[in-house]
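Chemist: Chain order of the listed sequences is A and B.
Heads up: the first sequence runs through residues 1 to 266, numbered per my numbering.
Heads up: the second sequence runs through residues 1 to 247, numbered per my numbering.
A portion of the hints provided could be inaccurate.
[Claimed, not checked] Subject to a maximum C-alpha distance of 30 angstroms in a straight line, what follows is the list of computed BS3-like cross-link-like pairs (lysine-lysine):
| hint | chain 1 | residue 1 | chain 2 | residue 2 |
| --- | --- | --- | --- | --- |
| 1 | A | K256 | B | K85 |
| 2 | B | K8 | A | K256 |
| 3 | B | K223 | B | K8 |
| 4 | B | K52 | B | K213 |
| 5 | B | K8 | B | K44 |
| 6 | B | K223 | B | K52 |
| 7 | B | K85 | B | K52 |
| 8 | B | K223 | B | K213 |
| 9 | A | K256 | B | K213 |
[Unchecked claim] Chain B is faced by these chain A residues, among others (derived, beta-carbon under 10 angstroms):
| hint | residue |
| --- | --- |
| 10 | H13 |
| 11 | D18 |
| 12 | T103 |
| 13 | N104 |
| 14 | P260 |
The hints are simulated quantities; they were obtained by calculation from the structure and are not laboratory data.
Where is the CB? At the ideal position from N, CA and C, for every residue including glycine.
Here's the letter readout for the chains.
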Amino acid sequence: MILLPQVRGVVRHRQVLDTLVRRDLRVRYARSAIGYLWTIIDPLAMALIYFVVFSYIFKRGSVGYQPYVLFITIGVLAWQWFSSSVNETSRSLLAEARLVRSTNLPRPLWVVRVVIAKGIEFVLSLPVLAAFALVFILRGETTIHYRIVLVPVAIIMQALLLVGLGLLLAPITVIFSDMPRIVRILLRMGFYATPIIYGAHAAPPVLQKVLLLNPMAGILEMYRGGFFPQELNIPSIVSAGIITVITLISGTIVFKRLEPAVLKEI
Amino acid sequence: MQPVIEAKGLGIEFYRSRRRQLSLREIVFKGRNTAPRDTFWALKDVSFTVNKGEAVGLVGGNGGGKSTLLKMIAGTLIPDEGSVKVRGGVAPLIELTGGFLSELSGRDNVYLAAGLHGLNNEQIDERYDEIVDFAGPQVRSAMDQSFRHYSSGMKVRLAFGLITTLDQPVVLVDEVLAVGDRSFRERCYERMENMLAGGKTLFLVSHSEGDLKRFADRGLYLKSGRLVGDGPITEVLDQYRAETEGP
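The shape of chain B in the complex, shown without the other chains:
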């Protein structure tokens, strides 16, 4: 069976300062761009393959490159080196409410965001109730209100319901479970377990050991952009713990 995700020698280089500070004034008066030119590799030489149905947890400290890796798998960042190949669509639970607009109603937003992720109107009609059911009665009664008046919890619930209903073979989860109340979190967990049982491939970024152990069976440990550990999640977590608590 072909792997679902295949990363080969992935690398991406960022400017330490934002290059957008490139300004006309400087170019005209100094003849060059004085913005600092130093760069760093947010990821370097990262290679791995993930098979269908695997649940992978990304482990590592802040700035290790976990979110960057997720974005490259989602296709919203383009690597400077190497390549990442994903077979089938991706449901990114990354910037959850990214596709939502505050001017439009909740209902319009569901149609718009699901459309952006490739569903047509009939498919959305079919899944609409499922999405709104997941988001809960509070959201259901507000579907015709402008999205601007939603609480942040309501926004996330609706977005989570939507993205997880897309039915894509690969699901990427980046720390979204930190928001939302306890009952909502439980429903998220339940839904993620259902997705795993349904043969989906899961990629999870979390700082919570509990979450990682609960969902992931394999761990990837990223440390300043390098892949330094790849194995069963418990071993990778032990390695991470040993290195961070070291002398």
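Bound conformation, chain A alone:
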């Protein structure tokens, strides 16, 4: 089992991981006094734009569940974690080349650290989401379903998926310089290929099958389960779990294979 020694290496250096994550957050928030607000304003502004465009211009609020604002906000926040994390993990070895070169730490650490730092930003944005939900609950437009316990499961699954993708992309980016551009385009397409501004149920049946291959579809299903009483898309969640495991294993293998070449390049 290739995962085990890698996991052990990272766990043994959890204190270093802690230091690095703290540094990331400190650097981010030291630069501007309202650093925290910026990480929230950006996705909320996007959510607002989609809400206005789809509810008032296209008048197609029915593509998601009601209340649509809450539906979009969950999707956009989780996607923000996904896309910022993929973007940064793919460049993580290059961006920290000096540190990677001068320390003999398990190299997957540089990927895991980005995922955790971005994940903490995501978790810190959850209170805003809770406030949104509270407003809608008080207005009687939604209720809290016991399935809200799936949220932590979704967070863990998304973190593992992101680590897997990062392990896959980070070494490729070092060797293949065009990778960041490709990643950017794929992420933009991924935004629409993921049920963020629409629900999987609103897609035509053929596309619903395609969406099963998108692990973020299942993960969003779990985030939303607690707020929207509609039936859970179980196949989508199972498929997300399987794809996450496959990504993690193949990421670990690719990373291990390319590691010697990467160290020569950076």
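Guided by the hints, dock chain B onto chain A, whose structure is given.
Modeler: Structure of chain B alone, referenced to chain A:
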């Protein structure tokens, strides 16, 4: 007693050009990667063992593979052939300020870099004064300033103080003594002698015969990636001199 460093048949192959030039445009339009494929072995068949407390000087011209060997011992390069085993931690004085960030203050950097090398906060608290003392009063008064405003000498002094305080059994030194003023160099020498007296294993790369003779008692001579000499430092230096000044 088991050797501290054990290298067996070490070899590493590099591309002459950077492979990163692999580009999508070329692959799509020409169907292949046209970047030159020729490679060279920066090190080949290098085997040796080093015992605890030995001080080894690496001798050889530019491009001989000295720094590459040091990096493999430090674990920041992975060999393509053979293996190198190091018992115990390594304090690499290689890219000294590699772990330092210009946005953070000197103090934050000490905690960060020492953390990266495996110290926890209590251990750093204990050693903090020692590190800063070594770096000198100029650095001490600037510990709360951003690292960006340090002079290059101050940066190196702080980093040297930090790495040598890590207390690892193996110390790797790559040409760092070239920077810094005379008084700082003297303090570096003193500290290296203390480390040697304390039973540390030292690996030194230098082009200065004086430095090599002063610290090393054994020499390894690397010539275009091959280990061509291994013996007492004076003999190895004579061999090196004889070969470079030859007819």
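Chemist: Hint check: is the beta carbon of N104/A less than 10 angstroms from a beta carbon of chain B?
Modeler: N104/A check passes; min Cβ-Cβ to chain B is 3 angstroms, inside 10 angstroms.
Chemist: Need the status of pair K223/B, K213/B: alpha-carbon distance at most 30 angstroms?
Modeler: With Cα atoms ~19 angstroms apart, K223/B and K213/B stay inside 30 angstroms; holds.
Chemist: Given the hint that K8/B pairs with K44/B, does the C-alpha gap stay at or below 30 angstroms?
Modeler: At roughly 10 angstroms apart (the allowed maximum being 30 angstroms), K44/B and K8/B satisfy the hint.
Chemist: Quick one, are K8/B and K256/A close enough, alpha carbons at most 30 angstroms?
Modeler: 22 angstroms, holds
Chemist: Do the alpha carbons of K223/B and K8/B lie within 30 angstroms of each other, as the hint requires?
Modeler: 17 angstroms, holds
Chemist: Does K85/B pair with K52/B here, judged by a C-alpha cut-off of 30 angstroms?
Modeler: Since the Cα atoms of K85/B and K52/B sit roughly 13 angstroms apart, the hinted pair holds (cutoff 30 angstroms).
Chemist: Going straight from one Cα to the other, do K256/A and K85/B come out at no more than 30 angstroms?
Modeler: Cα-Cα ~19 angstroms, so holds.
Chemist: Double-check P260/A for me: the hint is only fine if its C-beta lies closer than 10 angstroms to a C-beta in chain B.
Modeler: Because about 4 angstroms separates P260/A from the closest Cβ in chain B, which is inside the 10 angstroms limit, the hint holds.
Chemist: Given the proposed pairing of K223/B with K52/B, does the C-alpha separation stay at or below 30 angstroms?
Modeler: Judged against 30 angstroms, a Cα distance of about 25 angstroms means the pair holds.
Chemist: Hint check: K256/A vs K213/B, CA-CA at most 30 angstroms. Holds or violated?
Modeler: 41 angstroms, violated
Chemist: Quick check on the hint: H13/A CB to chain B CB, less than 10 angstroms?
Modeler: 8 angstroms, holds
Chemist: Tell me if the interface restraint on D18/A is satisfied: Cβ within less than 10 angstroms of some Cβ in chain B.
Modeler: Result: holds, 8 angstroms to nearest chain B Cβ.
The earlier numbered hint that this structure contradicts is number 9, and it is the only one.
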